[in-house]
Amino acid sequence: MSAIVQSAASQLIEHGELPLIGQYFSQDYVVHLSGQDYGGGHKIVQAAITQIRKAFPDLRVDVEILLQGVDRVAWQRTMRGVQQGAFKGFPACNRQVVWREMLVSRVENGLIVEEWLSTDLAEQLLASRKKSA
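The opening position of the sequence shown corresponds to residue 1029 in this note's numbering, with each subsequent residue numbered one higher.
If you are wondering where the hints come from, they were derived from the structure by calculation, not from laboratory data.
Any given hint might turn out to be false.
[Unchecked claim] Quick list of the computed label-pair ranges, beta carbon to beta carbon:
| # | residue 1 | residue 2 | range |
| --- | --- | --- | --- |
| 1 | Glu1045 | Leu1145 | 14 to 22 Å |
| 2 | Asn1122 | Leu1145 | 25 to 33 Å |
| 3 | Gln1055 | Arg1123 | 35 to 43 Å |
| 4 | Gly1068 | Asp1148 | 20 to 28 Å |
| 5 | Arg1123 | Val1098 | 28 to 36 Å |
| 6 | Arg1100 | Arg1123 | 31 to 39 Å |
| 7 | Gln1124 | Gly1050 | 30 to 38 Å |
| 8 | Asp1090 | Ala1120 | 30 to 38 Å |
| 9 | Asn1137 | Ser1038 | 31 to 39 Å |
Being a predicted model, the structure only gives us computed values, none of them experimental.
C-beta: ideal position from N, C-alpha, C; glycine also.
Model the full structure from these sequences, guided by the hints.
Written out as structure tokens, the structure reads:
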């Protein structure tokens, strides 16, 4: 399972290989983020990756596996890139932003079907503005 999340982070997030989404994610994929549940399968994965790569075209991801169970893997990804485009109301700052995300991914039949995600991206985007001031 750890190989799935590591490869997905590299191929999809870093390299933008969106045609490969089906090799990593179920059509029924759901993500739980900030108390909300977001379904949409491949479409939501594609939309999220497209949005983040548009704002951070040089995005890099480091994956650290924390714990692996029968059908779940707990992991942290450290993301870094220069914000060159607007992202969720934050205009481009042309500065490197580094943020961490904690995830628990549930895997069925070799595909990620569900994830629980916590991120400090908004906090880091705010902090990058304070550094500019």
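Starting from the hint 31 to 39 Å, judge whether the C-beta atoms of Asn1137 and Ser1038 obey it. Violated - the Cβ-Cβ distance for Asn1137 and Ser1038, about 21 Å, lies outside 31 to 39 Å.
Using the Cβ atoms, figure out if Arg1123 sits within 28 to 36 Å of Val1098. 42 Å, violated
Gln1124 and Gly1050, beta-carbon distance inside 30 to 38 Å? Between Gln1124 and Gly1050, where Cβ atoms are some 32 Å apart, the hint holds.
Given a hint of 14 to 22 Å, does the C-beta separation of Glu1045 and Leu1145 actually sit inside it? The hinted range 14 to 22 Å holds for Glu1045 and Leu1145, with Cβ atoms some 21 Å apart.
Assessment of proposed distance window 20 to 28 Å (beta carbons of Gly1068, Asp1148): Given about 24 Å between the Cβ atoms, the range holds.
Falls inside 30 to 38 Å, the C-beta gap from Asp1090 to Ala1120? Since Asp1090 and Ala1120 have Cβ atoms about 23 Å apart, the given range 30 to 38 Å is violated.
Do the beta carbons of Arg1100 and Arg1123 sit within 31 to 39 Å of each other? Roughly 35 Å apart at Cβ, these two residues keep to the hinted range, so it holds.
Taking 35 to 43 Å as the hint, is the beta-carbon distance of Gln1055 and Arg1123 inside that range? This hint holds: roughly 37 Å between Cβ atoms.
Tell me if the beta carbons of Asn1122 and Leu1145 are separated by a distance inside 25 to 33 Å. 27 Å, holds
When held up to the earlier numbered hints, the structure conflicts with 5, 8, 9 and fits the remainder.
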